[in-house]
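Q: Could you put together the complete structure from these sequences and hints?
These protein sequence lines are chains A, B and C, in that order.
The working numbering numbers the first residue of the first sequence as 1 and each following residue consecutively.
The working numbering numbers the first residue of the second sequence as 1 and each following residue consecutively.
The working numbering numbers the first residue of the third sequence as 1 and each following residue consecutively.
Don't take every hint at face value.
The list that follows gives simulated cross-link-like pairs (lysine-lysine, DSS-like), each with its CA atoms no further than 27 Å apart [unchecked claim]:
1. B:K577 / C:K284
2. B:K602 / A:K105
3. C:K284 / C:K193
4. A:K107 / B:K602
5. B:K164 / C:K422
6. A:K105 / B:K577
7. B:K577 / B:K592
8. C:K284 / B:K592
9. C:K147 / B:K164
10. B:K164 / A:K107
11. C:K147 / B:K23
Some but not every residue of chain C turned toward chain B, in silico, with C-beta under 7 Å [stated by the list, open to error]:
12. Y169
13. I196
14. A197
15. T311
16. Q314
Each pair of labels, with its calculated beta carbon distance range [said to hold, decoys possible]:
17. B:L628 / A:L85: 46 to 56 Å
18. A:L85 / B:F601: 32 to 42 Å
19. C:V355 / B:P26: 55 to 65 Å
20. B:D580 / C:F146: 17 to 27 Å
21. B:L614 / A:I87: 17 to 27 Å
22. B:L559 / C:P214: 46 to 56 Å
23. C:D461 / B:D580: 41 to 51 Å
24. A:V76 / B:N591: 40 to 50 Å
25. A:L31 / B:L628: 19 to 29 Å
26. B:A618 / A:R34: 14 to 24 Å
27. B:L559 / C:V37: 52 to 62 Å
The hints are simulated quantities; they were obtained by calculation from the structure and are not laboratory data.
Every residue, glycine too, gets a C-beta built ideally from N, C-alpha and C.
What follows is each chain in one-letter form.
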Amino acid sequence: MNTDSIFSSLDISHYIYLSSVLFCIGLFGVLTRRNAIVLLMCIELMLNAVNLLFVAFSSYMGDSAGQLFVFFIMVVAAAEAAVGLAIIVMIYRNVRSTDVGLFDKLKG
Amino acid sequence: MSTLFLALLLPVFGFLFSGIAGKHLPEKITGWISSLTILGSFVLSIGIFNDVANATSGIAAVGFNFLSVGDVIVDFAIQADRLTSIMMLVITGIGFLIHVYSISYMHGDPGFYKFFAYLNLFVFNMLVLVMGSNFLMLFFGWEGVGLCSYLLIGFWYENESYGKAARKAFIMNRIGDLGLLIGLFLIIANFKSLNYSEVMAAASTGAVSTEVITAICVALFVGAMGKSAQIPLYTWLPDAMAGPTPVSALIHAATMVTAGIYLVVRCNVLFELAPAAQQLILWVGLATSILAALIGLKQNDIKKVLAYSTVSQLGLMFIALGIGAYSAAMFHLITHAFFKALLFLGSGSVIHALGGEQDIRKMGGLKKAMPITYYTFLIGTLAISGMPLFSGFFSKDEILATLFAQNTLVWALTVVSALITGIYMFRVFLVTFHGGFRGTHEQEHHLHESPALITFPLIVLALLSLLGGLINLPELFTQNNAQWLKHWLNPIIGASQESLHHPEHHTEWLLMAIAVGAFVVALLYTRNKYIAKQSIPESDAEMTDLAKLSSNKFYVDELYDKAVVTPTEIIGDTLQKTDDSIFIGAIGGVNKLFGSIANGFKFIQNGKIHYYLLYMVAGIVIIMALNLFR
Amino acid sequence: MELILIPILSGLIAAWAGKWSRWIALLGSIITGVLVVTLWSQFDPTKGFQFIFDKPWFSSAIHFKTGIDGIGLLLLLLTNFLTPVILLSAFGKDKQSLVFALIVAMQGALNGVFLALDGLMFYIFWELALIPIYFIAGMWGEGDRFKTTIRFFIYTFIGSLGMLASLLYLYSKTPDPSSFSWEALVAVKLSVKEAIAVGAGLLLAFAVKIPILPFHGWQPKTYVESPSFGSMLLSGIMLKMGLYGLIRWFMPLVPEALSFYNPIIVTLGIAGVIYGAYIAIRQKDLKGIVAYSSLSHVGLIAAGIATLSFTGLQGGLLQMLSHGVNAVGLFFAIDIIERRLHTRSLNQLGGIAKVAPLFSVLFIILVFGATAVPFTNGFPGELLLLKSIFSFHAWQGIIAGLTIILCAVYMLRLFQFSMFGKANNDQLTSFGALQWHEALGMMVLVLFVVFFGLFPQTLLDISGPSIQQLQQVIEQSKEVLS
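A: Below, the structure written as structure tokens:
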């Protein structure tokens, strides 16, 4: 382990805690918030929490595969956010609201 | 021996010929070719008769294997022993006469060719019945004649009541057939064979218990009850008069109904081992004989009287079988065939002359216009009533004499039955032929004797009725040649009849006198009533209650209707309703079940994103938890 | 094997052939029939399974395995001789090409069922045979046909699922390498409890198909509402699938449970005989009479088979063939009447015999065949069946014997009220002569009726040794796992 690295002073457990908390906040938001855009933001939050965890472990383990994966996730997140926003804009034009509770046309 | 097969198959040729080609040929050709095939069989039967005279165990001819499954090994095999050859002569001889008669009687009927086809088919089946060498062949012929009687009784099929009568005959016969079939199964199960020779031989050794043999005999007798119209399966026979008269003559007088008698005589070895069954036969025969005679007393349709007379006479034959007098029963079978066929054909002649009239109250005074019919009918009547020296006298006497020596009570009741027979026969004869003519002017105008093709068979049968007694004269009358029939049949029934008592000669004279006395009483009574007092049977409205009882056949048909037909309908309807509601409805229930299950699960799909997300998260958590706790 | 491929192929071609479809279908069907006859001539009854064709199919466990023994040969004869006749009956003027395609395709599927010697292959073809009949009944039926057909389909399917479950269970018990082949499944030994459970699954499928009381709910409506050729396929051949299944795929596979199941089947069969007969007597629709009469007759066959006696099995096989011929014949005749007079109700019919003599003769011979009159094909089978039931249990035999009376009642009603009596229908004068295909079909059937009435042993000789071998197999397997 490189004692000069910026991260060496902190134990990995701190990063895990941070990451989990962020993830749970994001999850909570996804499950409860009614505004579609906020929903997307929470999803981004969850994804970034995971990114953080990947980077931490990558540095801690010295394996750069984690950082590689972070790039993948960032790309996917960006794409998905773009598509999601586009869909919300289309729905808004029809339903005149961003409340996800009103998007229930697919019910069985 | 190929003559056997030829005799059997000639009628089939006639059947095919008439059925296929007869439609396009003139009546005479079809009729005569059909009749000649029967004549051919008759001639061959004479030859077979001669052959069998020398070979006491009979001659056989084996066909091919019909079934060979486990215990059931049956061949299409025929044989001719002494019993068979006699039956063959009767069947083909009288059959031929009736065919000839029909050429004239059925003249002009659009179904002429069909009639002869059916008649030939009938004779064929009857021959199968008597010529078979195993029980299954018997059954083949048995059902076959039932089938043909269905076709022939319902011959004028456009009339629905005729069709109903035909169906009744077939179905009642089938009820009897079930009994016969059960008898067959019991025989296979216990004797492992259906061949007569093997079964009879095995039975004699006592290998099978009496109870089983009694069961077999009772089952066989049920079959005979159906075919030979005994109580309770007799009501089809009077209704069967719906068929053309030659049909009645052939089927219901001379051949088909005698199948039951043949069966019992054929199985005499078995019946001798089952005294309980014989008692059953005796009492059923007696009851039938008396009941039918009582009904016949008040019938006004000439054919119905003869029908009930047939039932009654068959009862008499069964009485004889019940005491083990097999040759006496056969003797009466033969004489009865002669005079009953004669009477039926004679009545046909009358009906034809009167343009279809069958009610005797509308007849009368036919003596002058139809002398041949008159005299032949008279001979028939005298024969059946027991006029001394006529054939019927000897055959009845044989039965009565043997009866007296075994069971006096039954003998006495049988004499009563004979008395009633005399009364109703003379009644019918006198009312039909004597007195003034009571029909319409139209009919009187057309009254004439029937053509030769009708009168010729009448004359032949009259001669036979007159002289038929010669085949089995009692010892009282002659020393040589006495009881020829009995001796002829000895190889088949000899052992069974050994134990029969026979009355002393002087007792026999006394019995004969009593029988003659009954005959004379009947003659005088009816002569008094119908000639001297010129009374005619009353119209339906004027009958007394007692007379109504008899005239309405003791309401037996109505009883059967309520006891059998109506419950069948009710059961059928009830089952139908059950079927519809429960079984068919059950599937609908299954469908609904699945539907409601599906409905139940519908709530999960409510379309709201949050719920879906929640399910997702919950699922992930559960899986992770499960993994942790593995 | 080609027997399966040819009919299905001709079906496919026929579906697109438009005007020529009926001829292509008929040709394909007859060629298959000829093939069967050639196989028959090379067949040796004593040698067990012959003409075996065995190739791995979906995996090493599931083979496409076909073979013929005496039992299968009889049923193949039935299928491949009846289908051309059924095609002939559908030759009426305005039938779509799909009809003929479906009928001949069904022939292929049915052949597959009777040829299959691998459990899963059997199952696949069993289900496959349902498809054409579903379309036939659903598209050309009458009345409430959709509901009825769907119910029929689902009901049969549930039964088949039972069979699938049981087959899978047995498969799991076969020694390595696991296989679905018949011999392997038969060799599996089960405890009595296991056998009863497995048997229940198998029996369910067959009980629904045959049908045995109380699983017959689908049958009456489906028969009546199907078009005639559909009813012919159903009653002539499909029913026999169930009975064949009993013989080949039920009794040898769970012999340990037979002492439990066989008496039940016998009793249910006989109950079906009486039940079906009584209802048939009260039916007013011609097709209804034949439908319930089928229920009655197959009940008798099932009961006879379940006695497991040589007589019963032979009689059952023989009667399967006879009933197939007779039922098809009756439906044929009813179709002829219905097409001309547009009614099937006894109340409205009558007097046809006067205008159609040839038809009456052919019809009445078929009726007598159905009533098991001697000299017809119905008689020897019924004789053997009744004898076997009687030997099994005398009183049940006597009750079963009532069928000869009851059958006469409803069959004569069927014939007499439609053919005899007064002419009730003004369209009677336009009855017209039989068309060539109708006459040909009926005459072929009548020929069968008479020929096998006189010479049933020709058929029995084919199946006899095979049945004995089957009985031996069952006997040997009957030792129970302790």
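Q: If a hint holds in the structure, say so; if it doesn't, say that too.
A: Results for each hint:
1. B:K577 / C:K284: Measuring from Cα to Cα gives roughly 14 Å; hence the hint holds.
2. B:K602 / A:K105: holds, 14 Å
3. C:K284 / C:K193: Violated, at roughly 46 Å.
4. A:K107 / B:K602: Measuring from Cα to Cα gives roughly 9 Å; hence the hint holds.
5. B:K164 / C:K422: holds, 13 Å
6. A:K105 / B:K577: At roughly 46 Å apart (the allowed maximum being 27 Å), B:K577 and A:K105 break the hint.
7. B:K577 / B:K592: holds, 21 Å
8. C:K284 / B:K592: violated, 30 Å
9. C:K147 / B:K164: Distance ~39 Å between C:K147 and B:K164 Cα, so the pair is violated.
10. B:K164 / A:K107: Status violated; Cα separation ~66 Å.
11. C:K147 / B:K23: Distance of about 50 Å is beyond 27 Å: violated.
12. Y169: With a minimum Cβ separation of about 24 Å from chain B (threshold 7 Å), the hint on C:Y169 is violated.
13. I196: violated, 23 Å
14. A197: Constraint on C:A197 not satisfied, violated at 22 Å.
15. T311: Result: holds, 4 Å to nearest chain B Cβ.
16. Q314: For C:Q314, the interface hint holds, since the closest Cβ of chain B sits about 5 Å away, which is under 7 Å.
17. B:L628 / A:L85: 46 to 56 Å: This hint is violated: roughly 37 Å between Cβ atoms.
18. A:L85 / B:F601: 32 to 42 Å: holds, 34 Å
19. C:V355 / B:P26: 55 to 65 Å: violated, 24 Å
20. B:D580 / C:F146: 17 to 27 Å: holds, 19 Å
21. B:L614 / A:I87: 17 to 27 Å: holds, 21 Å
22. B:L559 / C:P214: 46 to 56 Å: For C:P214 against B:L559, whose Cβ atoms are near 35 Å apart, the range 46 to 56 Å is violated.
23. C:D461 / B:D580: 41 to 51 Å: Distance hint for C:D461, B:D580 holds at roughly 44 Å.
24. A:V76 / B:N591: 40 to 50 Å: holds, 46 Å
25. A:L31 / B:L628: 19 to 29 Å: holds, 22 Å
26. B:A618 / A:R34: 14 to 24 Å: Holds, at about 20 Å.
27. B:L559 / C:V37: 52 to 62 Å: holds, 56 Å
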